[in-house]
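Protein chains in written order, with numbering that gives the first Met the number 0: chain E, 0 to 140; chain C, 0 to 399; chain D, 0 to 143.
Please keep in mind that the hints were generated in silico from the structure rather than gathered at the bench.
There's no promise every hint is true.
What the hints assert, rightly or not - With a Cα cut of at most 20 Å, we get these calculated PhoX-like pairs of lysine-lysine: (1) C:207 x D:43; (2) D:134 x C:335; (3) C:46 x D:43; (4) D:43 x C:208.
Stated by the list, open to error - Cβ pair distances, simulated, as ranges: (5) D:0 x C:280: 43 to 51 Å; (6) D:19 x C:168: 47 to 55 Å; (7) E:51 x C:55: 38 to 46 Å; (8) D:134 x E:135: 37 to 45 Å; (9) E:40 x C:168: 33 to 41 Å.
Quantities reported herein were computed from a predicted structural model and do not represent experimental measurements.
Where a beta carbon is used, it is the ideal one built from N, C-alpha and C, also for glycine.
Next come the chains, spelled out residue by residue.
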Amino acid sequence: MDLRLKALTKSIWVFHLSAGSCNNCDIETLDCFTPRFDVERFGIQLIGSVRHADVILITGAMNRKSVPRMKKIYAQAPKPCLIVACGICACSQHMFRDSYNVCEPLDKILPVDVYIPGCPPKPEAIISGIVKLLTKIRSKK
Amino acid sequence: MSHRVIVPIGPYHPLQEEPEFFQLYVEGEKVVDIDIIIGYNHRGIEKLAEGKHFDQIPFLVERICGICSSSHPYAYVLAVEDILGGESRIVPERALYIRTIVNELERIHSHLLWLGLAGHFIGYNTVWMWAWRYREPVLDCFEMITGNRNNYAMFKVGGIRRDIKEEDLPVIKKLLDELVPAVDMFKGAVMDDPVIQARLKGIGILTKKQAVDWCVVGPTARASGLNIDVRRDDPYGAYDRLDWNVIIEKEGDIFAKTIVRIMELYESVRIIRKCLDKMPAGAIDANIKDIPPGEGIGRVEAPRGECFHYVKSDGTNRPVRHKIRAPSYMNVASNKVAAVGGTISDATITLAAVDPCYCCTERVTVINRPDNHKIMNGWDLIKLSQEKTRKLRGVLLWKI
Amino acid sequence: MQTKDKIKERLAGKIKDWKEVSARRIYLGINKEDIYGVVEILFKEIGLRFSTASGVDTPSGFEILYHFSFDQAGEFYSLRVLINDKKNPVIDSLTPLFAGAEWIEREIWEMLGINFKNHPNLKRLLLADDWPEGKYPLRSNHES
């Protein structure tokens, strides 16, 4: 496996993107950086530009207006870039899948590496998801 | 000087990241006009509600917004209970008190959340961390009462779904006792710090006349001198059985909005304490089965203002129409006048001062760039704001 | 004088029906031609706050409810207008009276296809730019 990918597991830089979410997953993601959970001590950081991202954390039910923007942002991210679907809306669109204003599910649009279900997933679940992602990468040959 | 268009695109902080595009037109440092484009969170919930049963809808509307997660289902059940004759006639008394407790706990967690983000935007990351640290016990309390930190699934037509156990009452009281010194600390920090005052006073003013013209609600309106609060004007829950105050400030600037929210934290603590003392034993659910034809309106004072739901029923088990209007719908639009006239470095804090819940407003936007424009994203604007605080600190502390 | 009586007096002749569902919920029916004049009296003279507007597609036409709040007494007045012409629905815009009406009129326009005359900025609010013309999500013939 890519040496670059293995190297990035030491200090993940996460770019967060909402494609039409209720914000709960977004707040719980931010919560991971607050004193109780404090993932920054593991080198995980939220960054402002996708050009520095190792992981894109996507929340939301794939709103029709957001999806083109999401695709553009993914195209700008330097590869290898991993995608985490955070929250059940990103995993399977939840109760919004019949709505006139949502597109297909995320994994039909972009390659998802980790699914973190939950509405919203607790910070512990999000951290566990990221750990599973890191384990998956490190164990690949 | 020609107009330069600054387009904030890309990641904002999650609260503003729900794509909400603000296109700022600037001349030099000054914002001269602003376009607000929304629609990035629109998930067609009103249409989805027409296809769901009345008892399924609380779960749907809970997910309109993660932060006002109890206000929307509460307003919805109030609207349906309005069709049935009114909440006070149908819902058992214990349920009224528990509804009030959940509504106020949500206000506490929401205001603390806003305090943290506002602190972050002006460069006080410690405020952010501490405010969110004190928010965690409130979420633990929610988990204890309802089973989840967010999305409580507490409200149903005719009552509530879960009771508060006797052994949980001392835990809630202890939480409130520990919260008050924390709020004292924030209040002291905000009132006494000259740099915060310089950043927030006189910035982003919304005059009383503008507040009336734009029909704003909630702390945004109360900070501009409008004496409106649904809890007192059109009481629901147990609010008319308790003694509490509505907080009004007159200046309409961001400092006034901050003070309103901080003082409301104290009032929320008072209200919850009184509810815990006065709450009677008894049933928590009226077991409503059928909804007759009719129309009903439910209004709830969410942390951001009046949350409005209208439900029209034709006697079947699904609504004919469900109209939802979140408070941020009115408040965010008012940024058109509040942010204009300020500088770019004040843009983020002004836009954030109405405590926007874009998911509530279901908005989003992105703007295509015309020629002759400069692009900055949300993080750049936040950095500008934090930079201004650093400069002010240098100037003001030098003078002391 | 009670606000309810004041409203009845000032709007005499324009009120088609008056329904008090409860002490704080009042529904009045008016003709769509009178909407601007009526709202001008309610907003400017009597000082009601505009809460929002809701539109619904009914078999007899498009019904719009304009919701106003009289905060001092907690009373909520909903003005009902019916637009019979479903092929070409049009009504006067309230945005020239107060800015708070701008967004909701844009939303009703894009969701139900009702045209608001004299609206200063009638363009899409929530739907994507590539959303097909002529398809209105909240009309009853639009699938979810």
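Residue 55 (chain C) and residue 51 (chain E) - C-beta distance against the hinted 38 to 46 Å: Once the Cβ atoms are compared, 43 Å apart, the range 38 to 46 Å for residue 55 (chain C) and residue 51 (chain E) holds.
Cβ separation of residue 134 (chain D) and residue 135 (chain E), checked against the hinted range 37 to 45 Å: At 43 Å between Cβs, range holds.
Agreement of residue 134 (chain D) and residue 335 (chain C) with the hint, judged by alpha carbon distance not exceeding 20 Å: violated, 30 Å
Pairwise beta carbon distance, residue 40 (chain E) to residue 168 (chain C), judged against the given window 33 to 41 Å: At roughly 36 Å between Cβ atoms, residue 168 (chain C) and residue 40 (chain E) fall inside 33 to 41 Å, so the hint holds.
Pair hint outcome, residue 46 (chain C) versus residue 43 (chain D) [Cα-Cα no greater than 20 Å]: violated, 34 Å
Hint consistency between residue 43 (chain D) and residue 208 (chain C) [alpha-carbon to alpha-carbon, up to 20 Å]: Holds, at roughly 12 Å.
Cβ distance range 47 to 55 Å for residue 19 (chain D) and residue 168 (chain C), holds or violated: violated, 41 Å
Given hint residue 43 (chain D) paired with residue 207 (chain C) - CA-CA distance at most 20 Å: holds, 15 Å
Range agreement (Cβ of residue 280 (chain C) with Cβ of residue 0 (chain D), hint 43 to 51 Å): holds, 44 Å
When the structure is compared with the earlier hints, violations turn up for hints 2, 3, 6 and for no others.
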